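J.: Here is what each chain is made of, one letter per residue.
There are 2 protein chains.
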Amino acid sequence: MNLDQGQVLHVVGYPEHRPLVWEIARIAYERGAAYVEVTFDDPRVRRERVRSAQEDTLDWSPPWTLALLDYLIENGGAQIAIGGDPEPQLMNGLDPARLAKARPRAARARFLQAQGDRKIAWTIIACPTDGWAETVFGEPDVDRLWDAVALAARLDEPDPVAAWRERVDSLRERATMLDERGFDAVRFRGPGTELLVGLMQSAHWLTGEVETTSGRKHLSNMPTEEVFTTPDRRRTEGVVRSTAPLALHGHIIHGLEVSFAGGQVREVRADDGGGELVRELIATDAGAARLGEVALVDGTSRVARTGIVFVNTLFDENAACHIALGQGTLEAVPDGETLADAALDALGFNDSVVHTDFMIGGPNVEVDGIERGGAEVPLLRGDEWQLS
Amino acid sequence: MNLDQGQVLHVVGYPEHRPLVWEIARIAYERGAAYVEVTFDDPRVRRERVRSAQEDTLDWSPPWTLALLDYLIENGGAQIAIGGDPEPQLMNGLDPARLAKARPRAARARFLQAQGDRKIAWTIIACPTDGWAETVFGEPDVDRLWDAVALAARLDEPDPVAAWRERVDSLRERATMLDERGFDAVRFRGPGTELLVGLMQSAHWLTGEVETTSGRKHLSNMPTEEVFTTPDRRRTEGVVRSTAPLALHGHIIHGLEVSFAGGQVREVRADDGGGELVRELIATDAGAARLGEVALVDGTSRVARTGIVFVNTLFDENAACHIALGQGTLEAVPDGETLADAALDALGFNDSVVHTDFMIGGPNVEVDGIERGGAEVPLLRGDEWQLS
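Keeping their order, the protein sequence lines are chains A and B. Per my numbering, residue 127 is the first one in the first sequence, and the count goes up by one each step. Per my numbering, residue 127 is the first one in the second sequence, and the count goes up by one each step.
Hint data in this document are derived by calculation from the structure and do not stem from the laboratory. Here the structure is a predicted model, which means the values were calculated and not measured. All C-beta atoms in this analysis are idealised placements derived from N, C-alpha and C, irrespective of residue type, glycine included. This list has only true hints and no planted wrong ones.
The calculated label-pair distances, taken between Cβ atoms and stated as ranges, are:
no., chain 1, residue 1, chain 2, residue 2, range
1, A, Leu513, B, Gly158, 51 to 61 Å
2, A, Asp269, B, Pro145, 19 to 29 Å
3, A, Asn218, B, Asp167, 22 to 32 Å
4, A, Asn201, B, Pro286, 41 to 51 Å
Take the sequences, apply the hints, and build the full model.
T.: See the structure below:
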């Protein structure tokens, strides 16, 4: 987070994450944080809400939640969000429409806007829990999951911070190479996948390192192994098969297949009713059925090298190429935060209150950059980076 | 809480209270609550704050905390605060001045004001935890503590709600009798205690039942066994010895003795440095060194009948007569919420951001009402109610 003296830090986690939250609070106060606000998200309270609350209140954003966000935005605050859902299957059996609706829509939109405007320093991390370990290993072996998380986070390096600086530098080199090539599209080809993602002409490729408008750099994910950009929301075509399960709204979705035409999702299939959840997701707003991100990850990813499917987007998306339905990344658009909505819209930028990544890469998926003239340039083969 | 459809409910508890919070959320949503906001208070995060945060930030009230309070006040919201500190000794060894300062002063004042104005429906309950049970029994026998709490809360009655209605009716009769007698003062006499608490001339005696300005009745404590009033802050004289340990700011204070003159605390003594904590408390503001409450409890109290010292103010104050340093109770003053501060001040009403009860009654403490002419009327003898 590269926390500065006098910053307010908002930490969002599950109650099961308390020991990590204590350490974060300790370090933050020792570094001079003005205040550490902790929100413990309790999915069982949310489940009661999804079950029984009045329909028209489900997407309400409490004014105090907005007040916190506004404070962080106006005062250059920081937010650490901790994943690692202790009960990833808790929402099974609930009405998918109510489940998808039960999120604070205005607060979510305001946060995504603040991310795009680089007004908030933010990062997503994850903390092992019994429930997450059980999802991954079939038994609550939280120590084994900690080992995997530590490896993925380069905590085995003599100087993990230096190791991350080095890794992010090499990712930034990739992003620069991709920018220099100025590809028109990226194509994914593999079992069940034949997908062309049209890129936005002016957009840059990015790494997980973000610099806020106030000039402080931070990593937006830990771990982070991707280079990514925001595609043209009108130009995705074809079909794609997900290569890892997707944890969504308290469900785990297997066997996801999505087809696109004219940039828009046309068909969704998944095992065991998971398709219904994704259909509810893409019905959230117009942008939820279009792409906001395409990301490339190779086999040198520490997450990929663990060989583990974490059933957690933060980790799985850093093990494999992925795309995201919903909100685009404004940082990828030159001077994006100064452009009016209409100008962004004309560029093909996608706007939504959702942003849901799912994994489409792996050793059997070939990835090519397509030049404006049609030439195909290999980017990934057998999970190995090709461009130099 | 007598929760109404469309109300927003704020629940404040420790993470250890989650199972109770889930039940509260379930029932609230089933009764049509618009939203249930849950704040999990994490004392270990607060400890980091007390230890290391910049001195001038310690009493800061986050704007989002104020926004939540304002919403509850403006929209007739409700708050359930759950006690039962899982680590009551956690703050041992911290600087008492920083510990006393590390509370959101403006938010606390606004909440006390809202209570006095009867704008919020609020109640304090407690939920057993291992740590609380260990404090009470010397071992984490949480089942035994649940049994005691259930007994104190009349959950053994065939119809606990009816039992509480009956009990509160009988307490209200006592309050009416006391009002009719119009005592000038209450005197406590016992080992180490010779205390005269001068009453406010116009003030009423109250029970734990509160009616909000919007007309909804609720119990402000569960359990509640007291009748109480707000004394004249200028007219407490003498010395008092606490008859139960006091849990304050993460410490447990034993052997507390306080002397008063002209309504103000003059001397504080307690075992093991506890006096320092109370001195920091009364230094909070001018009203913190004067009384805001005097309460009478007899031996028919269910809490008293458990025979257990709960080391928890909610329970212990409902087992014995008590007084409180700090904020007075505006509900006790006729048309109190319409009076200007100067008028309240002239009546002897006490204003503070703190309100800390401590127990001064018991079988060996005689309590008398003192009439304006000087006549002494027995109120309690051997914990038995005398007035009829």
